[in-house]
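Just so you know, the sequences run in chain order A, B and C. Last residue of the first sequence: 1203 in my numbering, with the numbers rising by one and none dropped. Last residue of the second sequence: 170 in my numbering, with the numbers rising by one and none dropped. Last residue of the third sequence: 118 in my numbering, with the numbers rising by one and none dropped.
Don't read these hints as lab results, they were simulated from the structure. Nothing here was measured: the structure is a model prediction, and the numbers come from that model. C-beta: ideal position from N, C-alpha, C; glycine also. Each hint should be verified, as a subset may be incorrect.
[Said to hold, decoys possible] In silico PhoX-like cross-links for lysine-lysine, where the CA-CA straight-line distance does not exceed 20 Å:
1. A:Lys1106 / A:Lys995
2. A:Lys1202 / A:Lys1100
3. A:Lys1158 / C:Lys94
4. C:Lys88 / A:Lys1078
5. A:Lys1006 / A:Lys1063
[As the list claims (entries may be wrong)] Computed Cβ-Cβ distance ranges for the label pairs, DEER-style:
6. B:Phe63 / A:Arg1077: 49 to 59 Å
7. A:Lys1158 / B:Arg138: 30 to 40 Å
8. B:Phe63 / C:Val29: 28 to 38 Å
9. A:Gly1033 / C:Lys88: 19 to 29 Å
10. B:Val81 / C:Leu83: 24 to 34 Å
11. B:Leu124 / C:Ser4: 32 to 42 Å
12. B:Val88 / A:Ala1014: 15 to 25 Å
13. B:Phe63 / A:Asp1048: 34 to 44 Å
14. B:Val92 / A:Glu1007: 56 to 66 Å
15. B:Val81 / A:Glu986: 36 to 46 Å
16. A:Lys1100 / B:Ile150: 49 to 59 Å
17. B:Tyr157 / A:Asp1010: 52 to 62 Å
[Said to hold, decoys possible] Here are some chain B residues the structure puts well away from chain A; computed CB gaps all over 10 Å:
18. Phe62
19. Val152
20. Tyr164
What follows is the residue order along each chain.
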Amino acid sequence: MPALTVKVKRFDGRKSWWQEYKVDIKSRKISVLDVLLKIKEEQDPTLAVRYSCRMAICGSCGMVINGVPRLACQTLLAEIKDDTITVEPMWNHRVIKDLVVDTEPNFEKLRKVKPYTIRDLKEIYESDREIGQKPEELEKYYNFAYCIECGLCMAACPVVATNPRFLGPMALAAAYRWSADSRDQGWPVRAKIVDTDEGVWSCHLAYTCSAVCPRGVDPGFAIQLVKAALMRRAKKL
Amino acid sequence: MSSRRSSYINVEGGVENMRAGRGAGEWFRLINYERLYFTIQRISGLYMFFYLIFYRVLFDAFVSPSLVSSFDMTVPGKVLAALFLVFLAFHGLNGFRIMLIEFGIIRGWPLRNPIRNVPGLRRSRIHLIYNVLMIIIAVAALVYLPYLVTYGAVFRP
Amino acid sequence: MSEGTIRLIFLLLALYVIIMIGVVFLVLLPMYVPLSEVLSSNPITVYPEGVAEVNPTLKFLEATIAAAWSTHGILGFRRFLSDLAKTERGMKYVNWLTVALVVVIVPMVIYAIMTL
Chain A
967 MPALTVKVKR
977 FDGRKSWWQE
987 YKVDIKSRKI
997 SVLDVLLKIK
1007 EEQDPTLAVR
1017 YSCRMAICGS
1027 CGMVINGVPR
1037 LACQTLLAEI
1047 KDDTITVEPM
1057 WNHRVIKDLV
1067 VDTEPNFEKL
1077 RKVKPYTIRD
1087 LKEIYESDRE
1097 IGQKPEELEK
1107 YYNFAYCIEC
1117 GLCMAACPVV
1127 ATNPRFLGPM
1137 ALAAAYRWSA
1147 DSRDQGWPVR
1157 AKIVDTDEGV
1167 WSCHLAYTCS
1177 AVCPRGVDPG
1187 FAIQLVKAAL
1197 MRRAKKL
Chain B
14 MSSRRSSYIN
24 VEGGVENMRA
34 GRGAGEWFRL
44 INYERLYFTI
54 QRISGLYMFF
64 YLIFYRVLFD
74 AFVSPSLVSS
84 FDMTVPGKVL
94 AALFLVFLAF
104 HGLNGFRIML
114 IEFGIIRGWP
124 LRNPIRNVPG
134 LRRSRIHLIY
144 NVLMIIIAVA
154 ALVYLPYLVT
164 YGAVFRP
Chain C
3 MSEGTIRLIF
13 LLLALYVIIM
23 IGVVFLVLLP
33 MYVPLSEVLS
43 SNPITVYPEG
53 VAEVNPTLKF
63 LEATIAAAWS
73 THGILGFRRF
83 LSDLAKTERG
93 MKYVNWLTVA
103 LVVVIVPMVI
113 YAIMTL
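Kindly produce the complete structure, drawing on both the sequences and the hints.
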């Protein structure tokens, strides 16, 4: 197996630079995260990498690999045909160190769209009625509930790059997911939040968010569903 | 956007060093074909806004119509006019596609798959057909409209 | 005015322009001039001066198309600038600029077409 060349964009708080590592690998059926951890273990323990589950569930290891925002644990070397891998921190995020970025703004935007069931509390506390959901009602939003909030869509979005006020695909897909849930009654509240230039109307259909989403959530499509509902003045999603 | 939870992070140096990404440069990074449409839509919209409104209509009507007519006969004038028409064709076609998507007329449904996820728009047959037609008409416009500007007769009814 | 309403107006103006340009070139002009002549002439010379020469009353239709087109363009420019506005105050300036452009440019464009 030829040695792999890994170019990593480093940042130490003052300056950024590209650092190259040569890594010997025995198989291409390992992930980029495995390669980065091998570098950390054998060559450079100062390399900062955020990771957790190693199986595309937690969304911690988002980074830009060969020019595309991806999860490092999910990207196998076999998918990258090249012997040179370029790894840089997620775009549109403030870098803390090396490949670790500040994802707090993503969660602040997510909180703005009230990502929880909004329902009459009196009804919940005073009645014993079970709030059921039919399979067809579940289908309406189930796909968008797979979001692991990794932030790759926010990294890929060209509007988030220039407009810090834009809520972004992650928050807007969550707004659709919670509003389309039949158990939720919060669409009128969320509609006021997303029917603004900071909400869905700044989306220009670049669709890169859906192209890079590791879970197939298709946040771009969720945004278009919200737009269609707003245009039609829908009372319920 | 300020971040109340990350106020403990002390970062020295300029913003350029801290920020991953290129700001407005991100508009020109191409990853998928809808991103290319977005970039061309933006460029064409801006170009047409300045060419049509300021040059073609306002400059022609209020400053010097003869200057506009004589510039239109020169090579740069014809290039700018041909570019305007080609951009108009693409901008209109893509804009109509956006309209159909935003009104909810074109819609598929996303497919989550262990091997390859497929976004909803890619599963919409109308979207696929419209894309193909759009590309054919845009290529035809790219050839025919500059030809008309260069060799077409001056319209004298 | 909510952003959704502005977007609806923006899209309807564009639809109006697309449809009316098609109507002018393919339906109205061929009533006076053979279609082959329309489609083989330099489009820049056909519209708007050529249409006005063929039938001066078509200037009113051209003026509505011009007003719709320029309003659509100004709202599109607003969309471009809103991507660059970093703060709420910046967005306020963008909105004021949009209103100023609509108030100044649209009447000028209508006047320019009507005096062809």
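Hinted pair lysine 1106 (chain A) and lysine 995 (chain A), Cα distance within 20 Å: The hint is violated at about 36 Å.
20 Å limit on alpha-carbon distance, applied to hinted pair lysine 1006 (chain A) and lysine 1063 (chain A): holds (14 Å)
Assessment of proposed distance window 36 to 46 Å (beta carbons of valine 81 (chain B), glutamate 986 (chain A)): violated (56 Å)
Cβ separation of glycine 1033 (chain A) and lysine 88 (chain C), checked against the hinted range 19 to 29 Å: holds (26 Å)
Assessment of proposed distance window 52 to 62 Å (beta carbons of tyrosine 157 (chain B), aspartate 1010 (chain A)): Holds - the Cβ-Cβ distance for tyrosine 157 (chain B) and aspartate 1010 (chain A), about 58 Å, lies within 52 to 62 Å.
Distance restraint between lysine 88 (chain C) and lysine 1078 (chain A), which requires alpha-carbon spacing of 20 Å or less: holds (18 Å)
Given pair status - lysine 1100 (chain A), lysine 1202 (chain A), alpha carbons within 20 Å: This hinted pair holds, its Cα atoms lying about 16 Å apart.
Status of the given 32 to 42 Å range, CB of serine 4 (chain C) versus CB of leucine 124 (chain B): Hint holds: Cβ distance 33 Å, inside 32 to 42 Å.
Cβ distance range 34 to 44 Å for phenylalanine 63 (chain B) and aspartate 1048 (chain A), holds or violated: Because 41 Å falls inside the window, the suggested range holds.
Range agreement (Cβ of arginine 1077 (chain A) with Cβ of phenylalanine 63 (chain B), hint 49 to 59 Å): Once the Cβ atoms are compared, 40 Å apart, the range 49 to 59 Å for arginine 1077 (chain A) and phenylalanine 63 (chain B) is violated.
Minimum Cβ distance from phenylalanine 62 (chain B) to chain A greater than 10 Å, as the annotation requires: holds (16 Å)
Lysine 1100 (chain A) versus isoleucine 150 (chain B) beta-carbon gap, inside 49 to 59 Å or not: violated (44 Å)
In summary, the structure is inconsistent with hints 1, 6, 12, 15 and 16 from the numbered list given earlier, while agreeing with the others.
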